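J.: Could you build the full structure based on these sequences and the hints that come with them?
Numbering of the sequence shown is given in numbering that gives the first Met the number 0, commencing with residue 0 and proceeding in unit increments.
I should point out that these hints are in silico values taken from the structure, not numbers from a laboratory.
Computed from a predicted structure; not experimentally measured.
Don't take every hint at face value.
Said to hold, decoys possible - Simulated DEER-style distance windows between Cβ atoms:
id : residue 1 : residue 2 : range
1  : E228      : G336      : 54 to 60 Å
2  : R237      : L190      : 53 to 59 Å
3  : R395      : L289      : 19 to 25 Å
To be verified - Below, computed lysine to any residue pairings styled on SDA-like, alpha-carbon distance capped at 20 Å:
id : residue 1 : residue 2
4  : K248      : E268
5  : K164      : V117
6  : K248      : A154
7  : K248      : S220
8  : K164      : G287
9  : K322      : S220
10 : K322      : A397
11 : K248      : R237
12 : K349      : T328
13 : K349      : M303
14 : K164      : L64
15 : K322      : E172
16 : K164      : V148
17 : K164      : A75
18 : K164      : V307
19 : K349      : E268
20 : K349      : A397
21 : K164      : S214
22 : K322      : V294
23 : K164      : I219
24 : K322      : I207
25 : K164      : L176
26 : K164      : E268
27 : K322      : A352
28 : K248      : T328
29 : K322      : A174
30 : K349      : L310
31 : K322      : E268
32 : K164      : L180
33 : K248      : I219
Idealized CB from N, CA, C, for every residue including glycine.
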Amino acid sequence: MRLDARRAAQARVRWFGLWDSYFVICYLLTTGLVFTSAAPQGHRLVAIGALTLTVPWYAGIGRPLMRHRTSDRRNAVFAAGLFVLFGVATAVDLMSAFALFALVPMVMMSLAARAAVVTAVLGNLVPVTMLWVQGGGAAGPLVVFVLLVSLLGIALSVLLGLWIKRVVRQSEEHAALIDELRQNRERVARLSHQAGIAAERERLAREIHDTLAQSLVSIISLVQAADAEVETAPATARAHLTLVGRVAKESLVEARAFVADRTPAPLRESSLAQALRRQADGLTAQSGLLVRFAVEGVERPLPMAAGVVLLRAAQEAGANVRKHAEARTVDMVLRFGERQVGLRVADDGKGFATAEGEFPTAGGPPGTAAGGGFGLRGMAARVAETGGVMSVVSERGAGTVVEVRIPLAGTVDASAAGTVDASAAGTVDDSAAGADAPRTDAVPAVPADAGGHR
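T.: This is the structure:
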């Protein structure tokens with residue numbers, strides 16, 4: 000786990016400001032006691048000089064080592080230098096022993112735990128040793144008292160050292176946890192960004208497939224028909240070319256709305272029923288199919304999301320009928336219920352039957368395994384986003400029925416939302432319009448390729 004270097008450095012700067020203040024106070028108090036002690040003046044000056052030298056020794060060597068958490072031989076040199084100066088000061092004036100209140104924390108912060116404790120114990124024994132030497136080796140009452148005080152100092156030093164080490168360790172752990180949290184947040188933000196990109200790509204693929212791609216397929220079909228009839232049936236060819244111009248203009252309007260991320264053009268100035276009626280008329284004009292459109296129930300305004308999903312479903316179902324079904328008639332019904340709105344598209348084409356888990360592609364015959372089919376998957380994904388249900392029913396020689404139901408109020412069963420039930424063949428085909436199919440989560444959406452396959 001990597002520490003956040005800048006945050007840890009800022010914390011150490013604040014932390015060392017407090018320690019610096021503490022050390023200065025200890026130095027001033029100790030030198031003040033030495034200055035007013037009963038020792039000879041020369042001894043007091045030597046003691047004050049030795050204690051004063053600990054200040055640049057700490058500032059120039061010890062403090063940088065502690066601040067940057069450096070661990071090498073310089074730490075031992077620093078600790079040794081401290082106690083040499085402390086030993087000199089204590090040897091000439093026992094009042095210098097009060098410097099231990101500053102020296103022990105310095106040692107604890109600069110050495111490893113075991114070495115620091117041993118050094119602190121030895122440091123606390125220096126005053127009693129000096130007193131014992133000065134008394135000629137006699138264990139008088141003063142020596143015993145100082146010994147007891149030194150033992151208390153040893154205990155306090157060990158406890159203080161362990162506490163300091165624990166605080167430092169906890170601070171490092173907290174800094175590591177904070178850094179890990181920051182990294183996790185960055186990772187989540189990155190993954191969210193990638194997920195957003197993937198979702199936007201899928202949305203773009205669906206929009207392009209349902210609008211521009213379908214229009215281009217229609218234009219290609221109309222141009223091919225006009226080319227075949229230009230000599231034998233000029234009037235019919237001109238009619239096809241007129242349709243080409245109309246489809247191209249509609250596609251341009253759709254593209255502009257798509258780029259501006261606005262409401263689809265057919266729904267901006269008309270109701271869903273009117274847009275679907277135009278869709279049915281256009282399918283008749285482009286393919287020659289007899290397309291009958293009807294509205295059941297009381298027509299009323301719909302949420303824009305529901306209208307867009309039903310419009311795109313009608314466009315996809317109609318495109319599949321035209322390309323695959325070989326049908327003669329298509330019935331398109333918009334149903335308004337009290338709590339839901341639905342669309343049913345049924346054809347009398349050849350139908351299909353596929354093995355479970357297989358889906359035909361737009362460019363191949365029904366029954367081919369899904370290797371890139373996007374139309375049905377895109378439709379199912381749209382329906383799932385609104386909490387609705389899409390169903391496909393088909394059988395060879397019996398046509399296909401596609402039905403989409405979207406709730407308008409109340410809750411939706413999460414287990415049913417966005418599912419597709421294959422009731423006749425046990426599966427779904429992307430050909431001709433149809434109704435219940437396999438679950439959309441088993442059929443990942445795939446964008447259309449350059450050849451128009453879905």
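J.: All hints are to be evaluated individually against the structure, with a verdict given for each.
T.: Checked hints:
E228 and G336 have their C-beta atoms about 45 Å apart, which leaves the hinted 54 to 60 Å range violated. Between R237 and L190, the C-beta spacing of about 56 Å keeps the proposed range 53 to 59 Å intact. Take R395 and L289: their Cβ atoms lie about 22 Å apart, and the range 19 to 25 Å holds. Restraint check for K248 and E268: the C-alpha separation of about 16 Å stays at or below 20 Å, so the hint holds.
Among the hinted pairs, K164 with V117 is consistent with the structure: their alpha-carbon atoms are about 15 Å apart, no more than 20 Å. Taken as a hint, the K248 and A154 pair is broken in the structure, with Cα atoms around 92 Å apart against an allowance of 20 Å. Annotation: proposed proximity of K248 to S220 holds, straight-line Cα distance about 16 Å (limit 20 Å). Note on K164 and G287: the hinted pairing is violated, with a Cα-Cα distance of about 87 Å set against a maximum of 20 Å.
A C-alpha spacing of about 10 Å is found between K322 and S220, which places the hinted pair at or below 20 Å, so the restraint holds. Distance hint between K322 and A397 is fulfilled; the C-alpha atoms sit about 17 Å from each other, no more than 20 Å. Between the alpha carbons of K248 and R237 the distance comes to roughly 17 Å, so the proposed pair stays at or under 20 Å and holds. Straight-line distance between C-alpha atoms of K349 and T328 comes to about 12 Å, which keeps the hinted pair within the 20 Å bound.
Note on K349 and M303: the hinted pairing is violated, with a Cα-Cα distance of about 34 Å set against a maximum of 20 Å. Restraint check for K164 and L64: satisfied, since their Cα atoms lie roughly 15 Å apart, inside the 20 Å limit. Distance restraint check for K322 and E172: the Cα-Cα separation of roughly 65 Å exceeds the 20 Å cut-off, and the hinted pair is therefore not satisfied. Taking the CA atoms of K164 and V148, the gap is about 24 Å. The hint is violated against a cut of 20 Å.
Distance hint between K164 and A75 is fulfilled; the C-alpha atoms sit about 17 Å from each other, no more than 20 Å. Proximity of K164 to V307 is assessed by CA-CA distance (about 65 Å); at most 20 Å being required, the pair is judged violated. Annotation: proposed proximity of K349 to E268 is violated, straight-line Cα distance about 36 Å (limit 20 Å). Annotation: proposed proximity of K349 to A397 holds, straight-line Cα distance about 6 Å (limit 20 Å).
Between K164 and S214 the alpha-carbon distance is near 73 Å, which puts this suggested pair outside the 20 Å criterion. Restraint check: the Cα-Cα separation between K322 and V294 comes to about 25 Å, which exceeds 20 Å; the hinted pair is violated. Taken as a hint, the K164 and I219 pair is broken in the structure, with Cα atoms around 79 Å apart against an allowance of 20 Å. Taking the CA atoms of K322 and I207, the gap is about 18 Å. The hint holds against a cut of 20 Å.
Proximity of K164 to L176 is assessed by CA-CA distance (about 18 Å); at most 20 Å being required, the pair is judged to hold. Our distance criterion of 20 Å between C-alpha atoms is broken by K164 and E268, whose separation comes to about 74 Å. Pair hint K322 plus A352 holds up; C-alpha atoms about 17 Å apart against a cutoff of 20 Å. For a cut-off of 20 Å, the pair hint linking K248 to T328 is broken: about 27 Å separates their Cα positions.
As the CA atoms of K322 and A174 are separated by approximately 63 Å, the hinted pair breaks the 20 Å bound. Only pairs whose Cα atoms come within 20 Å are accepted, and K349 paired with L310 is rejected, the gap being roughly 24 Å. Distance check on the hinted pair: K322 and E268 sit about 29 Å apart at the alpha-carbon level, beyond 20 Å; violated. The suggested pairing of K164 with L180 is violated, with an alpha-carbon distance near 24 Å, which exceeds 20 Å.
The suggested pairing of K248 with I219 holds, with an alpha-carbon distance near 15 Å, which does not exceed 20 Å.
Violation of the numbered hints given earlier is confined to hints 1, 6, 8, 13, 15, 16, 18, 19, 21, 22, 23, 26, 28, 29, 30, 31 and 32; the remaining hints are satisfied by the structure.
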